[in-house]
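*Asks:* Here the protein sequences come in this chain order: A and B. 1 is the number of the first residue of the first sequence in my numbering; add one for each residue after it. 704 is the number of the first residue of the second sequence in my numbering; add one for each residue after it.
These are computed hints drawn from the structure, not numbers from a lab. Quick caveat, the model's predicted, so the values are computed rather than measured. Hints may contain errors.
In silico DSSO-like links for lysine-lysine, alpha-carbon gap of 30 Å or less [to be verified]: (1) 1058(B) with 245(A); (2) 176(A) with 1012(B); (3) 246(A) with 1059(B); (4) 175(A) with 1012(B); (5) 245(A) with 196(A); (6) 175(A) with 945(B); (7) 1058(B) with 579(A); (8) 913(B) with 180(A); (9) 180(A) with 1058(B).
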Amino acid sequence: MKNQYILIVTLTLILSFAFYISEAQVSVEINKKEFKQGKNGFKDAMSSVKYADEFYAKGQPGAYRMALTEYLKAYSYNQHYPELNYKIGACYLYSTEKAKAIDFLDNAYKAKPGVAEDIFYLLGWANQLAYNFDEAIDFFRKYKNAQPQEKSKKKSDVAAVYDVDKKLSECEVGKKLLAKPIRVFIDNLGPAINSKYPDYGPVITTDESLIVFTSRREGSTGGEIDPNDLLYYEDLYIAYYNEEKKDWSQAINMRTLNTEGHDASVGLSPDGQILYTYKGVPDGTLFESKLEGDSWSKPREMSKNINTKFHETSASISYDAKQLYFVSDRDRDEFGNKSYGGKDIFVSQKLDNGKWGPAKNVGAPINTKYDEEGVFMHPDGVTMYFCSKREGSMGGYDIFYSENDGAGNWGEPVNIGYPVNTPDDDVFFVVAGNARYAYYSSAREDGYGLQDLYRITFLGPEKMMVVGSEDILIASSTATIQQKVEQEIVEVKKVRLTIMKGTVTDALSDAPIEASIEIVDNDKNELITTINSNSKSGKYLVSLPSGKNYGIAVKADGYLFYSENINIPEATAYQEVTKDVVLSKIGIGSKIVLKNIFFDYGKETLRETSFAELERLVTLLNSYPDMTIEIGGHTDSHGGLQFNTQLSEARAKSVVDYLVDKGISKIRLAYKGYAYLQPIATNDTDEGRQQNRRVEFKVVSIK
Amino acid sequence: MNKKLLFLVLFCMMFSVIFAQQTKTDTSQIVIPIKIGFEGDAAIDDTTSTLIVADDQQANIAYNDGVQFYQQNQFDASIQSFTQALKLNPELTKAFYGRGTTYIQKKEYQKALDDLTKYGEKFKDDANVVYLKGYCAYYLEQNDQAVEAFNKAMDMGYEDVNMHYFMGVMKFNEGKYEEAIPHFNKAINIDPNHYFSYNDRGSANRMLEKYDDAIADYNKAIEINADIALLYNNVGSAKRLKKDYDGAVKAYDKALSKDSEYHIAKNNKAITLYESGKYEEAIEVFRDVLKLKKDYAYAYNNIGLCYYKLKDYDSAIEAFTTAISMDSEYAYAYIHRGSAKEMLRKMEGACDDWKKAKELGLDVAEEYCSVCIEYKK
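My request is simple: use the sequences and hints to build the entire structure.
*Replies:* Okay, structure coming up:
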């Protein structure tokens, strides 16, 4: 009986010790004799392996993490089993800590070269991730050579070979990018922002004053864990940059926006007033939330032109708020164009009714048969940043940029380079208005755990390094000749953008005002966009790409509008202009300078670039039918008084004539030429004289 | 041989001195072995070439004294005597020649040119004097006049190795390296042992980035005169430029074996180590350079570059600062210091340095400054 018992137990153990894992065709066979810890250790290890294999077979990130935990327990008893090393390596590769895979896979391969059918592939991948591109290429080739010949291939084999060709291509790209790294600082945003959990998906305002991001940290809304990856559900967090402390405020959970499910940040308008978020339900959907005063509106699901039954995952609004770029895996756009494969980037135009129009695939060369993700439109209006697994990536998603020629054509995307890009996935990359700084998430050694948010500072090409060298080249002379140095002008990508920001306040009370800010292209007499200042803070921010003569009108009910003119030549580099706007309530004596009224030189002829401003005046006068006004013409001190009086009066009359022509009663309009007798600035400088040459609008009476 | 002829021979010998070659080349000028004076009777007018013993005795005696002082290398006394002779007899044109050639010995080329011009006004067909005028113009850096004189001398049938050599050097100094080479070729044809021409042709080839041709020329010069450190240094620099770092170091070592105080060769050797990535080793050698020439701004700049490459930006800044303290207009040192400050995120300081470099004429610095206004956080 005793012998029988021993036999049964032994057989049971033998049977249960031989595992067969169908997916990878690898079994972890553990030999009891090799266990130094004896019976208990062997038993524990067996238990762990069995448990782990169940998770491993599921093939999901969370399951790999669970399997990994158990495999590592078994590993603590015995480190020499090739199959166990292989499994641990594979688990690392398919979860978040990919860099740890290589040692285990190496151990497995050295102990048993044929440990698994795909060991070469995994070793190639692990080496690729470790920047060992030559070794990776070697392993990928071995894997490829070991595949069945063309005729006998099954579909899955073809896919595998195809994938390995892409991997080989990525390694070649990686070698090239690694040889010419771009110069950057990559700085962790610190503990106020980052946690030991994954933090990712940063979105910023153009001036980097605010950041919203996604975190899987403890304390998420609902406190539940996603069974797919064993991490807390995504929540949105927000932080503000403190100019005085030169640091970020402690990130806080955006409770009003978060739900118990996934809530991720995907886009933010340049002025930080509209936030685009992603929710996993029902099937990957984009939402929009607006900052109203100091609180965010309830996220509103975007229209059906944006969201479909497919997955929509990221979004970015153009600087003029007229276009929304987003990512979707839909199979065709609403114009019937077939998608390129996987996830593509689409664009929707804002319609006159304020809604988003039908989406269109942005096409080649942006979209490819591979996945595109994380689209970000820079406020310069011409540069699109996105990530893609396309050819030219060094592995996984890489960040690329492309520039629009102004006629709607996108240039060939350019890989932004190493070390920003890595052989792993690099996604969700947003760039500040000055294009010198960018933000993204990365899993780096100096992080607080898993993925953290980082700020990139682009340093531009290597500065010249010239050795002090001389030779006496002419034998008959003592004169030394220095080594010839070519002064190579390095090309630095310049952002031609002006950020104008400030606050809108009431002239008397200093209270912030929610005003609408119209941006007009004076040359085309075309409204570019209208944005609002924040009702609570009065703050506003507008992005003005160079190359336009902008007319800016700040309007609020009951106030005289404020007019500003900013002519930004094409070559103007990045600049930030702070312009606080003070609005005066409409009342007798209140006046404004009409800065967007232009005349021919030395004449009273109105230029067409003035029409947008004049139309605003017409609208105002129509809104207040009882208002009578005076248009005052002013000049600088150049020229005689008589000439300037005549000129300023004639110009004021031209404005009045325009208004009359537009139906405003003549009796409501007075005009006067003040010449240079009421200067508002010095006449000793060009700038001062320019301010003095002006047309003013003054309320004479109103009921 | 009568007395008159004896004097003539002595005079010719006196002015046909070929100067000794030097082996130390870093700080002292290599004197070109030129011939100054009468090449023979054919170049001399009979009435003025002989020492004058009759008529106007006082002037003649002074003239003869001038000749004798010249023989004894007493150039000041010689000039004084020729001047006295001219005072006594302003028509004694030969004294202009004598004084002019003596001024050449004193490297007072403008005065020499003035005297030779006066002599040449009377003896227009004297090709030797035309050549000497070109010689003076060359040293006065009046290249157009020098070229004109040399061409005229050649048209008159005058041939001289140095004339072609000078023509080559002038083209070289104008940066016209292709045009310099044929002149050096002519000099070499006239004198196959003219190692100066080999060296300078090598330098022209170097500037044309024909490093192998340059090295061949330098080596030919070394074959002719193996004692000149400069030649080995130039071999080293050509090899360094073609990235033959081992060969360059060997050549610089050879130069230093000829002249252990040749700081240029030592600096170049250290640069070679720097360029081959041996930064710590390079720093040691640069420090040795400073033992030879303590105020050598280049060496401090180069030490800074080594520290920069080693990512020791504080030490780099210190070295660049020392270089700047020695040469306040060392624009590259400002560029480098700015770059090191940038790496330490000291952007204000970096921008200040780049702006200074821009002020000093380095246009490229303007590009660097463009980031300064954006660096606000």
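*Asks:* Enumerate the violated hints, using their earlier numbering and listing them in ascending order.
*Replies:* none
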